[in-house]
Amino acid sequence: MRRAQKPRPKAARLSAALCCAAALVIPIVLAAASPLQSYRSPPYIIGGLAGVTALSLLALQPLLAANGLAILRAAQARRWHRRAGRALLLLIALHVLGLYIASPADALDALLLRSPTPFSVYGVAALCGAALIGLMAAMRRRLPPRLWQLAHLALAAGVTIATVVHALMIEGTMEQASKWMLCALAVTAALLGAIRILRR
1 MRRAQKPRPK
11 AARLSAALCC
21 AAALVIPIVL
31 AAASPLQSYR
41 SPPYIIGGLA
51 GVTALSLLAL
61 QPLLAANGLA
71 ILRAAQARRW
81 HRRAGRALLL
91 LIALHVLGLY
101 IASPADALDA
111 LLLRSPTPFS
121 VYGVAALCGA
131 ALIGLMAAMR
141 RRLPPRLWQL
151 AHLALAAGVT
161 IATVVHALMI
171 EGTMEQASKW
181 MLCALAVTAA
191 LLGAIRILRR
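Read left to right, the sequence shown gives residues 1 to 200 (full-length UniProt numbering).
Honestly, the hints are just simulated from the structure, not real lab data. A virtual CB, placed ideally from N, CA and C, is assigned to each residue, including glycine. Do not rely on the hints blindly, as some may be mistaken.
Unchecked claim - Here are the simulated distance ranges between beta carbons:
#1 Leu18 / Arg79: 36 to 46 Å
#2 Ser103 / Arg199: 43 to 53 Å
#3 Leu90 / Leu113: 38 to 48 Å
#4 Pro116 / Ile195: 36 to 46 Å
#5 Pro43 / Arg142: 17 to 27 Å
#6 Cys19 / Gly172: 22 to 32 Å
#7 Ala87 / Arg199: 22 to 32 Å
#8 Leu108 / Gln76: 37 to 47 Å
#9 Ala154 / Leu90: 42 to 52 Å
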């Protein structure tokens with residue numbers, strides 16, 4: 001007979017949540033404080049920081065979906081997952097808009113896959129995947145629950161991989177160690193979240 005797992009103490013849950021929050025916030029703070037920001041226009045800075053914040057939210061999303069943050073109840077975690085999803089779509093739109101205002105020609109070349117920079121392909125792939133997730137979420141009640149779950153997981157995995165590759169290929173305002181840490185967290189959270197959801 002399997003023994004029921006004891007709930008983690010409140011202090012341990014709080015410590016885990018604080019560590020997770022630090023891992024998500026520190027890369028944003030370091031990117032905002034980068035000396036390279038002084039050479040960039042306000043729209044470029046806003047667009048770039050929106051992208052970094054979106055990457056942090058992307059790492060948080062699977063933890064909310066799988067209720068991996070023990071400080072929240074399951075219903076609360078699902079509610080925050082939906083809210084974070086909407087915020088993520090807005091941040092992606094702000095990222096693209098900021099870069100477009102800063103340099104319309106470069107942004108259009110990237111969106112039309114004409115840019116010589118290889119990282120733009122992965123950015124566009126992540127953008128398309130996120131847009132598909134948003135459309136599917138709007139039609140969720142018309143889809144069979146299992147189909148929605150599997151399609152959502154597959155698209156989210158694709159968006160995560162494309163976003164991580166996109167971020168790692170860019171040498172910009174993100175501090176390298178914190179960027180690698182955040183990307184590793186995003187991939188690990190996506191993998192563990194998917195396993196936990198599929199086992200339900």
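Evaluation of the provided hints:
1. Leu18 / Arg79: 36 to 46 Å: 21 Å, violated
2. Ser103 / Arg199: 43 to 53 Å: 46 Å, holds
3. Leu90 / Leu113: 38 to 48 Å: 24 Å, violated
4. Pro116 / Ile195: 36 to 46 Å: 38 Å, holds
5. Pro43 / Arg142: 17 to 27 Å: 38 Å, violated
6. Cys19 / Gly172: 22 to 32 Å: 26 Å, holds
7. Ala87 / Arg199: 22 to 32 Å: 28 Å, holds
8. Leu108 / Gln76: 37 to 47 Å: This hint holds: roughly 41 Å between Cβ atoms.
9. Ala154 / Leu90: 42 to 52 Å: This hint is violated: roughly 23 Å between Cβ atoms.
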